[in-house]
Amino acid sequence: MNVLIDKFDVFAGGFWLTLQICVLAAIGALLLGAVVAVLRISPVPPLRAVGTAYVNIFRNMPLTVVLFFAAFGLPALGSNADFLRIPGLDAIFSRLGTDLPYFRFGLIALVLYTAAFVCEALRSGVNAVPAGQAEAARSLGLTFGQNLRHVVLPQSWKASVVPLGSVIIAMIKNSALVGFFGVVGDLAQTADQLTSAGGYAFIPVAIGISVGYLIMTVPLGALLDRLEKRQAVAR
Amino acid sequence: MSQQNTVLYDVPGPRQRRITLISSIVATVVLLVGAYFLIYRPLEEKGQFSMELWGPLVDPSNESFSQVWDRLGLGLKNTLTAAALAIVSSLVVGTLLAVLRIQLKSLARRRFTGLATPLSYLLRGLSTVLSAVTRVCVEVFRGLPVVITIFFVARGFPEFGVTFDTLWYLVIGLTIYNSVVIAEILRSGMEGLPGGQGEAAAAIGLSPLQSTRMILLPQAFRIMLPALISQLVVVLKDTSLGFIISYEETLSIGKQIIGVLDNPIQVYVVIAAIFIAVNYSLSKLAQYVQHRLSRGRKSAPRTGAADTELGTEAVAGTTT
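Residue numbers (my numbering), protein chains in the order written: chain A, -17 to 217; chain B, 133 to 452.
Heads up, some of the hints might be wrong.
[To be verified] Which chain B residues stay away from chain A? Per the calculated CB distances, all over 10 Å, these:
id, residue
1, R147
2, L163
3, W201
4, A216
5, V231
6, L247
7, S263
8, A332
9, R345
10, L393
11, V421
12, H423
[Said to hold, decoys possible] Label pairs and their calculated CB-CB ranges:
id, chain 1, residue 1, chain 2, residue 2, range
13, A, A204, B, I154, 23 to 31 Å
14, A, I(-13), B, K209, 41 to 49 Å
15, A, K140, B, G257, 34 to 42 Å
By construction, these hints were calculated from the structure, which means they are not laboratory data. Glycine included, every Cβ here is placed at the ideal spot set by N, Cα and C.
Same shape as in the complex, but just chain A (with noise of 0.2 Å):
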């Protein structure tokens, strides 16, 4: 058991290093995602398509082949994913700064796979609002820019709480991907490198791993239980 205080910095770190994809692909997923959800219901046929297709090839996709992706694909396109070194943001995250890109890769492959996640979850929102609030808003004269501001998305936004959030929780999940592929140092790698290379007893390194993970995920979720409820009465 003396695993989980001899090597609690290297928990720590991984602890840390998982929760810094996590805030960063969060972030990168909401704004693309958001962006995408806005091709899906746009009134041009073209970008639409263009929205449905991202869409239906990025949720169909496991993450690992994004991921594969990702790692083989940029390069040949002839990055190396350079322009998330945001000056500023790789100060406070500064793994986005380093040499071996794999943060990088990781962390595009995150935000492009639950993009599609996020957007469908805006989508359902949106959809959730009832035809008639936004016709009536129409027939009192609102453009369609005041119909979206001051009717449509306050509501969505109600809707699609709930399924954003759970979204991000299996995004937090999904993160541990990362580590397989040449991250070094999240929580799934730090498990590898101490049961395999550290010759460590599994069990103890499990029951760390996974009060890693769980500490991100439990209280999320019983946070959306908490808001779902509340939903569920005001409805």
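Fit chain B to the given chain A structure using the hints.
Chain B only, in chain A's frame:
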């Protein structure tokens, strides 16, 4: 498509149609130019479109074509085997788990009247503890990443001297995670049923187990079928994690092919296409089933249908 957008737009008039047409053309041109300069050109410069790289995958006259597809076929077979086993076992285990949790919950509420007081307290305590234990197990395994579960299974079982084929590690790992998720889907389906269903079952003298088996479970299955199918898509996608424990599924085979032919992008494009084709048809099946179900239950209130749809999306998100 127009149906989905009626929420936001009126039926376009002539002017709006013209604007839409013009912006469509502009958008198409911009997208094509962007794709050409950002994707096609760099790939072309690196020679990624050469027949040397694509040949073994698409050209039947290439000498390695049949070999490559033999291997890929084997990988696909292994993927589907693992997926089928994992799906069947997680459905069975998940159903049992859901029934167990419902039973324990109702047991924890029971008073055990007619027994000696200490005994009834003991029984109540026991059932409360059991129900808490199952709850904790469910929360733990739902909160852990599947990768980690599979990895733990593959590393942990040999630790205790239990060794299997890698196939079984993968199946066990997937089953642990997905049975818990399926149990939660079914449980929420059963708890979402109108209370009158369970009460009526109790009133005609069915035991709690009987009423779960004959009244609640079938309805929960029916309501939650779309969510279940999307969970099955997730299982199929997750079998690709087998490469971590070096199970020979499609991706590891792809890796072997890449090791020989050195054409990673081409092989992954083909593998992605295979996965997308299979999963897309499964998702379409889910949509069709949902459509059939909502048509079959015309009498049910409209909000109910909307809720299940949302639930499906949420579940599809939760569990990937």
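Contradicted hints - numbers only: 2, 13
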